[in-house]
Amino acid sequence: MRASYSNLVLAIDAAGVSKVYKGAQQAALSEVSLKVEAGRIFTLLGRNGAGKTTFVRMCATQLMPTAGSIDVLGYDVVRHAKQIRDLISIVPQEGRPLRALTSWDHIYNWLQIRGEGKQTARDKTEEILRKLELYEARNRPAMNLSGGMKQKILVAMAMATDAQLLFLDEPTIGLDPVSRRQVWSAINDWKAKGGSILLTTHYMDEAEMLSDYVVIIDKGKVITQGTIQELRRVIPQNIRVDIARDGLDIDALEPYGSVVDTGAGMLRVFTFESAVRELSELALGRNLAFTVSPVTLDDVFVYLVGGGIGDNQNGRD
116 MRASYSNLVL AIDAAGVSKV YKGAQQAALS EVSLKVEAGR IFTLLGRNGA GKTTFVRMCA
176 TQLMPTAGSI DVLGYDVVRH AKQIRDLISI VPQEGRPLRA LTSWDHIYNW LQIRGEGKQT
236 ARDKTEEILR KLELYEARNR PAMNLSGGMK QKILVAMAMA TDAQLLFLDE PTIGLDPVSR
296 RQVWSAINDW KAKGGSILLT THYMDEAEML SDYVVIIDKG KVITQGTIQE LRRVIPQNIR
356 VDIARDGLDI DALEPYGSVV DTGAGMLRVF TFESAVRELS ELALGRNLAF TVSPVTLDDV
416 FVYLVGGGIG DNQNGRD
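Anchor point for the sequence shown: position 141 equals 256 in this note's numbering, and the numbering is continuous, going up by one each time.
Worth flagging that the hints you see were computed from the coordinates, not collected in a lab. One or more hints might be untrue.
Heads up, simulated DMTMM-like pairs for lysine to aspartate or glutamate below, C-alpha to C-alpha not over 20 Å straight-line [stated by the list, open to error]:
#1 265 to 220
#2 306 to 327
#3 308 to 277
#4 246 to 304
#5 306 to 152
#6 150 to 327
In this text the structure is predicted, and so the values were computed from the model without any measurement.
All chains, please: the whole structure from these sequences, using the hints.
Next up, the structure:
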């Protein structure tokens with residue numbers, strides 16, 4: 116099925132999309148416009164409550180937009196929800212496998228529900244279980260599996276299908292580093308076969324490793340978007356210096372570049388290589404701990420939004 120949609124230019128085309136939940140004092144999303152190119156991994160970054168999950172759920176026809184329009188694989192989410200559902204697959208942020216079913220049963224039965232023949236369903240089930248290293252536990256009920264293995268069952272169910280578009284809402288949350296990389300490999304394999312992916316994640320290394328394009332959302336609005344390389348250039352300075360605050364006045368650092376209070380008693384200075392020596396001498400002279408490193412995607416996020424990506428917000432995600 117995937118090949119028949121390979122000529123699509125856009126997997127998702129959202130124009131002026133807003134969502135206001137009943138009883139809410141502010142919009143979960145406000146006039147968001149995004150174009151997700153087919154065959155790419157498109158990532159949404161934002162703090163808790165920024166609106167990422169709301170956008171995913173609207174694209175997956177689980178929520179209706181309050182205003183604006185969204186086309187998914189050429190279909191309008193309001194008028195053609197059934198057609199869209201036949202072409203997508205989703206890993207929800209807070210999904211849970213059924214306790215009594217085995218990992219094999221989850222995937223095999225899901226594939227049959229989606230119309231696969233018995234042998235094809237068996238083959239695909241075995242393939243994805245082996246890829247995510249769940250095969251040895253294929254006959255164990257989900258209630259007897261670790262939290263990470265349960266999460267991988269949900270990922271396996273979504274990725275075993277021939278869907279055109281995959282929605283991954285925090286797919287590696289709770290996974291150990293090895294399991295995360297197994298999921299990354301499966302995601303890249305999916306893309307290599309022509310699939311499109313909309314990903315949300317709290318892990319900056321995950322976003323940098325996988326993304327073709329990134330959108331940063333805060334308080335329901337798009338702050339910036341671009342490739343990883345383009346986003347790194349948002350910060351004029353290409354070096355960051357983290358210095359222990361410990362009584363240090365922000366004003367003392369401002370001559371060297373842009374200063375951000377990252378919390379946990381640290382100040383971050385975005386600066387140029389020419390100023391690194393002076394900053395190092397300043398820190399050493401006051402006996403303050405400091406580190407020097409290149410600018411990362413995490414830095415871009417902190418620079419634009421402030422605070423950490425996991426900071427809790429009062430809004431709904």
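A quick look at each hint next to the structure:
| no. | hint | result |
| --- | --- | --- |
| 1 | 265 to 220 | holds (13 Å) |
| 2 | 306 to 327 | holds (11 Å) |
| 3 | 308 to 277 | holds (10 Å) |
| 4 | 246 to 304 | holds (10 Å) |
| 5 | 306 to 152 | holds (12 Å) |
| 6 | 150 to 327 | holds (13 Å) |
Violated hints are absent here; each numbered hint is respected by the structure.
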